[in-house]
Amino acid sequence: MSVLSWCHWLQNTPWATGIRQSDLWFPIIEGSHILALSLSVGLILMFDLRLLRLVLPAEPASKIMRQVMPWALPGFGIMFVTGGLLFFSQAEKAYSSGFFRVKMLLLVLLGVNALVYQWKFYPSMAEWESSETVPRGVQVIAVVSLAFWMVVIACGRLMAYEL
Amino acid sequence: MSLQHLWQMSYDSHTIDILRNSKYAIPVIQSFHLFGITLLLGSMVILNLRLLGIGFLQLPMAALSRQIWPWAIGGLLLAIASGILVFVPDPARYAANYAFRTKMVALCVAVTFQFLIYRKVIRSGAAESASRRNIAVACGSLLLWFLVGWAGRAIAFLG
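Which chain is which? The protein sequence lines are A and B, in order. If you count the first sequence from 1, you need to add 48 to reach this note's numbering. Take the second sequence: its position 15, counting from 1, is numbered 8 in this note's numbering, and each next residue is one higher.
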């Protein structure tokens, strides 16, 4: 069975059809997906800006990270669940959209970007988090995160415009 | 000159034709709109969780408000500028839309609240602890800004 025919089957399951045709649930799910940007991407952007010393430079970066993560992670949880439901309800069109594919690819790359940070720079945060010179690799990771999240938001908007 | 004339002039303008006729101009501008909203609402989430006494407690309110405020204003300005560009190609449609009207009223109330009341509260020494007044102000700010965002999303649902 091809991915496309699987998507076709998925969006025609009773509950996917139910979401798509609901005047109540579709707006609630889509609205939550957009408003939860503030909790997920909004908070990660602030941490990226801190890594670049553009916000709260006087506070240690690990302190900001400890404060941001308990809110950002549930935020990403909401994004994942609502995004998944939106995909189910229009799986065939979404899978066929170039913007959706770019969005998924960038989300994977953002995940890798975050993992590289966790492995390579998180353990040594104490050494540089309060200094004025942030390792070049950390700056690259923060800029990549900021740029990719902007493009992810744009891809989400563009794919919805075409659906 | 009535608002209707203004909308018609805007609709007839050739410069604005470019926005209207390009397939991707509007959704690309809307992407910047969303990015501004993300920055603004993200900032509001941080400041208000702190004011509610349930998040970001290790960071002093004075530093938070001083450092986060400019990013909130930047996000707001980006959202307003891009919002105007989405509005001008089709002003009559938006002006007639109840979700859009709700959004504009909520936006005016939110901005007034933010500059007249909220800013004073987060910059006063009394912002450090979660007093009843601080909780009320934080809930008011969150409700107003998320209402603006939600009404904005609802514009499309009301056609």
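Hints are not guaranteed to be accurate.
Stretches of chain B that chain A covers, calculated by requiring three or more beta carbons in the stretch to come under 8 Å of a beta carbon on chain A [as the list claims (entries may be wrong)]: (1) 18 to 32; (2) 35 to 48; (3) 91 to 97; (4) 102 to 109; (5) 133 to 147.
Computed far set for chain A versus chain B, every beta-carbon distance over 12 Å [unchecked claim]: (6) 188; (7) 197; (8) 205.
Source of the hints: derived by calculation from the structure; they are not laboratory data. Just so it is clear, CB atoms sit at the ideal spot from N, CA and C, and this is done for glycine as well.
Quick rundown of the hints versus the structure:
1. 18 to 32: Holds: 10 residues of the region 18 to 32 of chain B have a Cβ under 8 Å from chain A.
2. 35 to 48: holds (count 7)
3. 91 to 97: violated (count 0)
4. 102 to 109: Coverage by chain A is violated for the region 102 to 109 of chain B (0 residues, Cβ < 8 Å).
5. 133 to 147: Per the Cβ count (5), the hint holds.
6. 188: holds (21 Å)
7. 197: violated (8 Å)
8. 205: violated (5 Å)
Consistency note: the structure conflicts with the earlier hints numbered 3, 4, 7, 8.
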